Amino acid sequence: MTKLKDMLSAAMRPVFLFRKKMPLVSYIAGRLVTMLAMLFVLGLAIFGLMELAPGDIVDRLMTQQLLSGEGRAGQTEKVLGAEQLAATRASLGLDKPFFIQYFRWLDRVVVHHDLGTSLISRAPVLFLIGSRLANSVALNLISLVLITVFSFALGVWFSSKAGKPIDLVATFFALVLHAFPGILLLILLQLFASTTGIFPVTAYPAFPFSEAPVRFTFSYMHHIFLPLLAAFLGGLGGTMRMIRATMLDQLGQPYITSLRARGISEWRVYFNHAFRNTLNPYITGSANLLAGLFSGSLVLEIIFAYPGIGRLMYEAVMQEDINLVLANIMFISFLVLVGMVLADIILALVDPRIRYGKE
Amino acid sequence: MKGQESVNGNEERAGFSASFLDVRNLEVSFRVRRGVKVSTIRAVRGVSFALERGRILGIVGESGSGKSVMTSSIPALLPAYAETTGSVRYEGVELLGLDSHSLRHYRGKRIGMIFQEPGRSYDPLQSIGSVFLETLRNSDPKISREAARAKTIGLLEESGLTNAGERLGNFPHQFSGGQLQRIGIALALAQGCDLLIADEPTTALDVTIQAQIVQLLKKLRETRNISIIFISHNIDLVAEISDEIMVMYGGLVMETGRMDDVLPSPFHPYSKALLAAAPRFGGHYSVERLLSIPGKVPDPEEVGIGCPFAPRCSLAIPECARKVPELCRVGEVGGAETEGLSRINSGHYARCILCAGATR
Amino acid sequence: MKQFAQYLGGRPLGIATVIVLVVLYLAMACAEFIAPYSATMQREDMTYHPPNARFYGGLPQAQEARVINSVTWKYVRVRGLYHHIGFFVKGEPYVFLGIVRCDRHLFGVSDGKYPVFLMGADNLGRDVFSRIVYGSRISLTIGFVATAISLFLAILLGGLSGYFGGATDWTIMRVSEFFMLIPGLYLILFLRSLLSSKMDSGQSYMVITVILSLVGWPGSARTIRGMVHAIKREEFVLNAELECLPAASIIFRHIIPQISSLLIVSVALSIPGFIMSETTLSYLGLGIVDPAVSWGSLIKRDISTIANLRNYPWLLSPVWLLLAVTLAFNFLGDVLRDYFDPYHAVVTRPFLFFRGKRPSKGVDGDEGGRS
Numbered sequence: 004m005t006k007l008k009d010m011l012s013a014a015m016r017p018v019f020l021f022r023k024k025m026p027l028v029s030y031i032a033g034r035l036v037t038m039l040a041m042l043f044v045l046g047l048a049i050f051g052l053m054e055l056a057p058g059d060i061v062d063r064l065m066t067q068q069l070l071s072g073e074g075r076a077g078q079t080e081k082v083l084g085a086e087q088l089a090a091t092r093a094s095l096g097l098d099k100p101f102f103i104q105y106f107r108w109l110d111r112v113v114v115h116h117d118l119g120t121s122l123i124s125r126a127p128v129l130f131l132i133g134s135r136l137a138n139s140v141a142l143n144l145i146s147l148v149l150i151t152v153f154s155f156a157l158g159v160w161f162s163s164k165a166g167k168p169i170d171l172v173a174t175f176f177a178l179v180l181h182a183f184p185g186i187l188l189l190i191l192l193q194l195f196a197s198t199t200g201i202f203p204v205t206a207y208p209a210f211p212f213s214e215a216p217v218r219f220t221f222s223y224m225h226h227i228f229l230p231l232l233a234a235f236l237g238g239l240g241g242t243m244r245m246i247r248a249t250m251l252d253q254l255g256q257p258y259i260t261s262l263r264a265r266g267i268s269e270w271r272v273y274f275n276h277a278f279r280n281t282l283n284p285y286i287t288g289s290a291n292l293l294a295g296l297f298s299g300s301l302v303l304e305i306i307f308a309y310p311g312i313g314r315l316m317y318e319a320v321m322q323e324d325i326n327l328v329l330a331n332i333m334f335i336s337f338l339v340l341v342g343m344v345l346a347d348i349i350l351a352l353v354d355p356r357i358r359y360g361k362e
Numbered sequence: 003m004k005g006q007e008s009v010n011g012n013e014e015r016a017g018f019s020a021s022f023l024d025v026r027n028l029e030v031s032f033r034v035r036r037g038v039k040v041s042t043i044r045a046v047r048g049v050s051f052a053l054e055r056g057r058i059l060g061i062v063g064e065s066g067s068g069k070s071v072m073t074s075s076i077p078a079l080l081p082a083y084a085e086t087t088g089s090v091r092y093e094g095v096e097l098l099g100l101d102s103h104s105l106r107h108y109r110g111k112r113i114g115m116i117f118q119e120p121g122r123s124y125d126p127l128q129s130i131g132s133v134f135l136e137t138l139r140n141s142d143p144k145i146s147r148e149a150a151r152a153k154t155i156g157l158l159e160e161s162g163l164t165n166a167g168e169r170l171g172n173f174p175h176q177f178s179g180g181q182l183q184r185i186g187i188a189l190a191l192a193q194g195c196d197l198l199i200a201d202e203p204t205t206a207l208d209v210t211i212q213a214q215i216v217q218l219l220k221k222l223r224e225t226r227n228i229s230i231i232f233i234s235h236n237i238d239l240v241a242e243i244s245d246e247i248m249v250m251y252g253g254l255v256m257e258t259g260r261m262d263d264v265l266p267s268p269f270h271p272y273s274k275a276l277l278a279a280a281p282r283f284g285g286h287y288s289v290e291r292l293l294s295i296p297g298k299v300p301d302p303e304e305v306g307i308g309c310p311f312a313p314r315c316s317l318a319i320p321e322c323a324r325k326v327p328e329l330c331r332v333g334e335v336g337g338a339e340t341e342g343l344s345r346i347n348s349g350h351y352a353r354c355i356l357c358a359g360a361t362r
Numbered sequence: 028m029k030q031f032a033q034y035l036g037g038r039p040l041g042i043a044t045v046i047v048l049v050v051l052y053l054a055m056a057c058a059e060f061i062a063p064y065s066a067t068m069q070r071e072d073m074t075y076h077p078p079n080a081r082f083y084g085g086l087p088q089a090q091e092a093r094v095i096n097s098v099t100w101k102y103v104r105v106r107g108l109y110h111h112i113g114f115f116v117k118g119e120p121y122v123f124l125g126i127v128r129c130d131r132h133l134f135g136v137s138d139g140k141y142p143v144f145l146m147g148a149d150n151l152g153r154d155v156f157s158r159i160v161y162g163s164r165i166s167l168t169i170g171f172v173a174t175a176i177s178l179f180l181a182i183l184l185g186g187l188s189g190y191f192g193g194a195t196d197w198t199i200m201r202v203s204e205f206f207m208l209i210p211g212l213y214l215i216l217f218l219r220s221l222l223s224s225k226m227d228s229g230q231s232y233m234v235i236t237v238i239l240s241l242v243g244w245p246g247s248a249r250t251i252r253g254m255v256h257a258i259k260r261e262e263f264v265l266n267a268e269l270e271c272l273p274a275a276s277i278i279f280r281h282i283i284p285q286i287s288s289l290l291i292v293s294v295a296l297s298i299p300g301f302i303m304s305e306t307t308l309s310y311l312g313l314g315i316v317d318p319a320v321s322w323g324s325l326i327k328r329d330i331s332t333i334a335n336l337r338n339y340p341w342l343l344s345p346v347w348l349l350l351a352v353t354l355a356f357n358f359l360g361d362v363l364r365d366y367f368d369p370y371h372a373v374v375t376r377p378f379l380f381f382r383g384k385r386p387s388k389g390v391d392g393d394e395g396g397r398s
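The listed protein sequences correspond, in order, to chains Y, S and U. Under the numbering used here, the first residue of the first sequence is numbered 4, with each subsequent residue one higher. Under the numbering used here, the first residue of the second sequence is numbered 3, with each subsequent residue one higher. Under the numbering used here, the first residue of the third sequence is numbered 28, with each subsequent residue one higher.
Be careful, since some hints might not be right.
To be verified - Subject to a maximum C-alpha distance of 35 Å in a straight line, what follows is the list of computed DSBU-like cross-link-like pairs (lysine-lysine):
1) U:Lys259 <-> U:Lys29
2) U:Lys29 <-> Y:Lys164
3) S:Lys325 <-> S:Lys274
4) Y:Lys167 <-> U:Lys29
5) S:Lys111 <-> Y:Lys167
6) U:Lys117 <-> U:Lys101
7) S:Lys298 <-> U:Lys29
To be verified - So the derived label-pair ranges between C-beta atoms look like this:
8) Y:Ala40 <-> U:Gly229: 53 to 61 Å
9) Y:Arg271 <-> S:Lys274: 47 to 55 Å
10) S:Asp262 <-> U:Glu262: 39 to 47 Å
11) S:Ser41 <-> Y:Phe43: 41 to 49 Å
These are computed hints drawn from the structure, not numbers from a lab. Small disclaimer: the values here were computed from a predicted structure and weren't measured. Ideal Cβ positions, reconstructed from N, Cα and C, are used throughout, including at glycine.
Please model the complete structure; the sequences and the hints are all you need to start from.
Structure below.
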């Protein structure tokens with residue numbers, strides 16, 4: 004038994020050395036490994052859920068084909084005979100145990116980069132997702148940046164005016180913005196767009212980027228203005244309040260009194276010290292913010308007809324296009340995970356307590 | 003009525019208006035809103051004392067006695083909803099009511115402070131070297147990095163921190179409590195202050211470190227001739243370090259005087275109880291119970307009329323609950339006094355009805 | 028409770044929200060009484076009829092209108108043709124609160140010849156107001172049910188996780204992380220897609236509630252776990268353990284009540300979230316199915332296309348009600364949070380100002396007190 008332990012510790016030795024020598028790099032590496040592990044298990048879970056769902060993929064294929072009324076060479080089943088069902092199942096590998104199915108899917112995805120084809124449009128899933136993903140990411144990143152910048156500026160500003168009338172008014176408005184349901188705001192904004200005609204009702208220019216890049220960029224900005232405004236306002240309320248609260252919290256800490264006791268100027272106390280310490284909680288919460296933005300942008304894309312991954316997901320669900328749904332979920336989770344890992348890494352860079360750990 | 007204090011020897015003190023630090027009738031109250039009602043917390047109800055250069059004043063009291071609030075009000079480090087009245091004169095200059103710009107000339111540069119929880123008194127994102135650089139630059143904006151570094155190492159070594167040079171890049175969470183307190187002392191002295199206010203500096207540390215810190219403070223007093231105000235609820239520590247002692251309770255001074263006068267023969271029942279309650283080494287060998295003072299400290303929100311200690315005092319008489327006694331000189335009427343010498347600089351005073359009737 | 032009522036007294040916003048919520052929920056309970064017509068009553072000749080309640084001759088009256096364009100369903104009011112609106116009018120019979128048989132409605136057209144559309148009619152000539160009143164049944168209750176289930180799961184799993192630690196904690200946390208990894212709406216859609224799309228109205232309610240709860244529990248569970256973990260170290264827990272109380276009793280009867288204030292605030296703040304989730308689902312057509320009505324299904328995509336909304340703006344009425352409910356619950360949650368945690372409320376200077384005191388100079392910070 005002790006021999007086993009010795010062997011294990013010998014094997015782990017290089018890992019510990021690596022950890023000691025380059026704490027930051029090993030932290031990042033650790034995060035990445037965890038991320039991959041989580042993706043793996045996530046895929047397992049989703050795959051499992053789809054297994055548990057009533058009916059399996061072959062039944063759906065049947066339904067699809069009955070609904071669409073067309074056949075496909077090689078898998079056409081006009082007659083729902085039991086043997087033919089079984090044969091199809093076998094050909095798709097659905098009679099094998101669950102794990103084997105999952106691994107085969109994984110192998111197909113990772114090694115061959117083939118996510119399958121959409122059951123409806125027959126287009127390769129990867130192609131469908133690829134273009135939309137960039138759109139969604141772009142939109143949400145712009146939202147995130149705007150929200151961050153403005154909520155920091157406003158949050159810090161209002162924390163310095165805490166208790167004064169203007170602060171009370173601002174806090175109230177922030178609460179209203181935070182509570183205002185995004186979907187309703189979008190509906191109202193779209194109504195506004197259609198009645199006044201100042202802004203377009205859709206969120207994407209009608210012509211592709213390649214035609215006229217510069218005009219496209221301007222047109223793009225014109226188109227996404229309203230939905231971006233909705234996302235921005237929705238996220239601003241909550242975040243601004245949080246930053247304001249964190250600033251006030253920091254300003255009540257003993258180290259601030261200690262700084263003032265040394266005669267450090269109020270300006271420095273505020274910006275070099277209190278403000279820097281609000282970054283930590285914000286970064287920790289920013290991954291959640293990003294997930295929330297993605298969730299909100301789903302409705303946004305539907306209402307404003309923006310060609311993003313959210314609308315793709317909606318269409319896939321409406322059409323019961325399993326392959327697409329599965330791939331969509333995996334991708335969006337992947338995005339959120341990447342966001343989380345990035346947030347962790349930035350946090351480690353900013354906060355020495357995490358970088359150097361406890362001694 | 004507010005706790006009125008007639009300081010005997012006002013006349014004597016007036017002759018020493020060049021006292022280094024002169025506090026008169028200091029009162030601090032907070033206006034706080036809990037739920038719907040607004041209430042006033044009277045934390046300090048009239049404190050006066052004087053401190054000379056190079057002397058150490060020890061302030062003893064339980065939590066809620068107002069000791070920390072009082073000392074925090076000297077460099078005006080109280081929150082905005084605190085109301086301070088009275089007079090605090092530092093080298094003759096009135097500090098209360100100064101605007102923040104002028105206050106900055108005093109904070110750190112003339113009056114330094116060290117705090118109770120060294121672990122939380124530093125910006126967690128700032129390395130120690132950077133803290134010192136910032137502080138040194140505060141007094142001397144032109145100081146170079148190398149000069150600052152050299153000075154920092156000097157200060158840290160003076161405070162007893164070994165390998166100071168190697169640890170300048172470390173962050174606060176990488177030091178122990180005792181080390182952080184030494185760093186705090188070095189930091190307070192960095193700008194060359196003459197008065198050091200130590201607000202319960204050892205409460206959060208263990209006993210051996212406590213002794214070391216106290217020794218360090220004594221040494222610094224010798225080498226730098228600074229004055230120290232040392233606050234603690236531990237009367238033994240205060241006894242070890244102070245020249246003069248002040249016992250506070252319920253926002254008021256209960257007893258004050260030179261250490262040699264007060265400690266061997268405390269007059270006020272509270273001081274006597276504090277001394278009796280302090281555990282003595284070897285006490286665990288005896289079968290005697292540890293004495294404790296029955297009752298609780300008064301709530302600064304509900305300030306009563308009479309002597310704040312009356313509810314817990316074994317010598318209380320009905321008169322005690324009616325009116326707050328005045329501070330009067332011990333030894334003139336009643337009391338167990340062995341010394342007959344009158345003091346010029348400061349006398350032994352107590353706020354108790356038992357020595358009332360003494361001259362104002 | 029009394030203290031809270033006193034506290035509310037000092038906050039006008041709190042009073043307003045409580046009143047709004049009470050009114051809405053009472054109306055929901057008395058839906059059959061308040062709504063002049065049933066949710067399914069339809070009149071083909073009244074498609075997209077505009078609201079027609081007016082004051083005429085000092086009395087509330089319903090004005091008739093005629094269709095002038097049966098393609099765009101544009102109406103024109105008929106001058107002078109009014110029907111008196113009375114109160115406690117006889118209308119369609121119903122069973123009040125499931126017990127009493129009644130046929131009086133709060134208001135309606137006295138002679139019963141022409142309908143009164145307080146908020147207009149939809150594409151099938153159904154009274155929007157009535158549908159809103161009946162829809163409140165689902166919209167307002169689904170929040171509570173989903174919150175209840177979600178809270179139950181969160182307390183159960185969070186409590187177990189925080190108390191036992193170790194492997195239990197690790198597993199439950201991993202599971203909750205997966206739920207949190209997929210953004211809310213995506214997860215809802217995904218779970219919804221797992222089930223067949225053909226559901227009847229009764230099933231749809233249950234299904235949606237379950238889905239919403241599954242999405243909602245991880246967040247609260249993590250918070251509860253953190254708190255249980257911290258409370259576990261207190262002495263009274265050790266006491267209970269020494270008394271050989273079963274773990275379940277310790278967790279649920281002793282520890283959880285400590286965080287009841289947190290839970291109350293969390294409940295108040297999650298209800299609007301669930302209401303809006305259901306609304307979103309119904310808006311997308313994946314939620315409540317006809318004949319059941321919810322406010323979300325009233326603003327369904329097919330009905331509330333832009334063209335429709337421009338021509339028939341009264342179709343948006345549920346939006347304002349949804350807004351009111353959501354804001355009300357959020358404000359209430361905010362007030363509750365301030366009530367339970369006064370140490371976070373910054374002492375307000377204007378408050379002091381009104382009391383006639385000048386704020387003194389000094390430095391900002393949070394509340395002080397003992398030294």
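Verification of the supplied hints:
A distance of roughly 31 Å separates the Cα atoms of Lys259 (chain U) and Lys29 (chain U); the hinted pair therefore holds under the 35 Å criterion. The suggested pairing of Lys29 (chain U) with Lys164 (chain Y) holds, with an alpha-carbon distance near 33 Å, which does not exceed 35 Å. As the CA atoms of Lys325 (chain S) and Lys274 (chain S) are separated by approximately 22 Å, the hinted pair is consistent with the 35 Å bound. Between the alpha carbons of Lys167 (chain Y) and Lys29 (chain U) the distance comes to roughly 30 Å, so the proposed pair stays at or under 35 Å and holds.
With a C-alpha separation of about 33 Å, the suggested pair Lys111 (chain S) and Lys167 (chain Y) falls inside the 35 Å cut-off, and the hint holds. A threshold of 35 Å between alpha carbons decides the hint, and for Lys117 (chain U) with Lys101 (chain U) the separation of about 30 Å falls inside it, so the pair holds. Of the pairs offered as hints, the one joining Lys298 (chain S) and Lys29 (chain U) holds, with about 30 Å between alpha carbons and a cut-off of 35 Å not exceeded. The hinted window of 53 to 61 Å between Ala40 (chain Y) and Gly229 (chain U) is violated, with their beta carbons roughly 42 Å apart.
Our hint of 47 to 55 Å for Arg271 (chain Y) and Lys274 (chain S) holds, since their Cβ atoms are close to 48 Å apart. Distance hint check for Asp262 (chain S) and Glu262 (chain U): the Cβ-Cβ separation is about 44 Å, which falls inside the suggested range of 39 to 47 Å. At roughly 59 Å, the beta-carbon separation of Ser41 (chain S) and Phe43 (chain Y) lies outside the given 41 to 49 Å, and the hint is violated.
Violated hints, in rising order: 8 and 11; the structure is consistent with all others.
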